[in-house]
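**Q** Sequence:
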Amino acid sequence: MIPATRACGRRHRRVLAPSIRRAARTPGADRYRKHFPATAHLWILLLHGLSAAPSLRQSYAMLTAVPGLFADLGLGQGISFSQLARSSTSRPSTCAEALLAEVVAQAQRAVVPDRSWRILRRVQIIDSTFLRLSAELSPWSQHRRFTPGVRVQTGYDLARQLPTTLRLHLVATNDHEALKTWELDALRGWTALVDLGYYGHRQFARLRAHGVAFLSRLHPQAVYQVTAVRAVSGTPTRDGDVVLSDETITLGSANNRAGAVLPGIRLIRSRNRAGRDQAFITDRFDLTASELVRLYRYRWRIELFFRFLKHQLGMTSPLGQSRAAVWLTVVLAAIIALVLALTDAERPVATSRIAWLRALGVTLQTLRRGG
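The opening position of the sequence shown corresponds to residue 786 in my numbering, with each subsequent residue numbered one higher.
If you're looking for bench data, these hints aren't it; they were derived computationally from the structure.
Wrong hints could be hidden among the right ones.
[Claimed, not checked] With beta-carbon atoms standing in for the labels, derived distance ranges:
#1 866 x 907: 39 to 47 angstroms
#2 1021 x 840: 45 to 53 angstroms
#3 893 x 1069: 18 to 26 angstroms
#4 900 x 987: 31 to 39 angstroms
#5 1068 x 968: 19 to 27 angstroms
#6 922 x 958: 17 to 25 angstroms
#7 1015 x 1062: 16 to 24 angstroms
#8 1012 x 890: 41 to 49 angstroms
Note that beta-carbon positions come from the ideal geometry of N, C-alpha and C, so glycine has one too.
Based on the sequences and whatever the hints tell you, model everything.
**A** Right, here's the structure in full:
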C-alpha cells in the first residue's frame, strides 16, 4: 500500500507509485539490503525530501509517529534509523537514477513549454553548482588547494524549466572536461546555452558534430579572423541592450600547435543598459543579433534552479558523507523538483503557485493516515 501523508498527496502518489515499482526492479537494487527493499527505501527518502525536514533523523522520527506507515511500505517489523542511514550511503544508486530518468520523461511530456517566446523551445542551459563538504568526513572530495566538495553539472530545459541531465564530478575536474563525457545524441537539434567555463574550440566542434548548436560568451583573449560583416540596426532591445556589431569569424589561429580553427562562427558585440560591453559567439544564423543577445540573458534561470535545490530541497544537507550518499541526495532533490513541476502542471490556472503548494501540504508538521 502506498503511504499517505500531507507531504505525499494523491497526485504525488499517482505520479510516483508505478515509477518507483519499476525503478526498484533495477538489477542489484536490493543487494545487501534484502530486509529493506528498494521500494520502501525510495518512498522514505522521497517523503524526507517532500517534508523539507532539516535531517534524515528528524524525518525518521516523524514517519515512525504515523501508525502503520512502515507496514504499508512492506516493513512489518519496522526499520531502525541506523539501517536507514547505512542503506542511504551504500545502496547502489542505479534504482534512483532509473526513477529520475522516468520522472524526467513524464515531466517533459506533461509540462507545457513556455509559450511567451518561441525561441526558448529546444534550448538547454548547461552549468554546474558547487556543494561544499567536510574535508574530515569526506576526504575523497579533497583535492590539493581546492575547497573540499563536488560539482553538480546539470542540463536544464529552458522552456519547461526542468532538469534533464545530472552529473557529479570532483573539483579536480573542471566543467570543460566534464562535458566531454556527456552523450550528446539526445541534444541533437537543441541549442546549448553555456558560460565561459565550457569555452574551447574542440568543445564547440564536438557540439556541432553532434548537431547541437551553442551560444556562449567570447573569451577575452580569443584569437579570431573576421570573414564577413552584417549591418546592425542599433535599436535597443526590451532589456536595454544595443547591438554594436554582427560578424562572421573563424575562431582560433592556424599557427597554433594543434592548428585548431573553427570557421563559420557568428560574433555579436553588444552594450547593456549599464554601459558594459559583451561579446557572444554562436553557430546560429537563423536568429537576429538582438534575439541572441536577449536569449543569453535567460542563462541565469539555472542559477535560480540551483538556489531552489539547495535552499528549498535540501541538496546542501547530504544523506551521508560518502560519494554514493551525496549523489543519492542530488538525484532525490532533482526527482522532487520534477514531481512538484508535474503536480504544478495540473493546478487550476486561477490558483497561485504558492497557494497551490500550500494546499498540497508539502510538510510533515501534521500527518494523517488515509487515502
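**Q** Now tell me, hint by hint, if it's right for this structure.
**A** How the hints compare with the structure:
Between residue 866 and residue 907 the C-beta distance comes to about 45 angstroms, which sits within the given range of 39 to 47 angstroms. Between residue 1021 and residue 840 the beta carbon distance is about 50 angstroms. The supplied range of 45 to 53 angstroms therefore holds. Our hint of 18 to 26 angstroms for residue 893 and residue 1069 holds, since their Cβ atoms are close to 23 angstroms apart. Between residue 900 and residue 987 the beta carbon distance is about 36 angstroms. The supplied range of 31 to 39 angstroms therefore holds.
Against the hinted window of 19 to 27 angstroms, the Cβ-Cβ separation of residue 1068 and residue 968 comes to about 20 angstroms, which satisfies the hint. Checked against the hint of 17 to 25 angstroms, the pair residue 922 and residue 958 passes, with Cβ atoms roughly 21 angstroms apart. Here the CB-CB span from residue 1015 to residue 1062 is close to 18 angstroms, well matched to the stated 16 to 24 angstroms. The hint said 41 to 49 angstroms for the Cβ distance between residue 1012 and residue 890, and at roughly 42 angstroms that hint holds.
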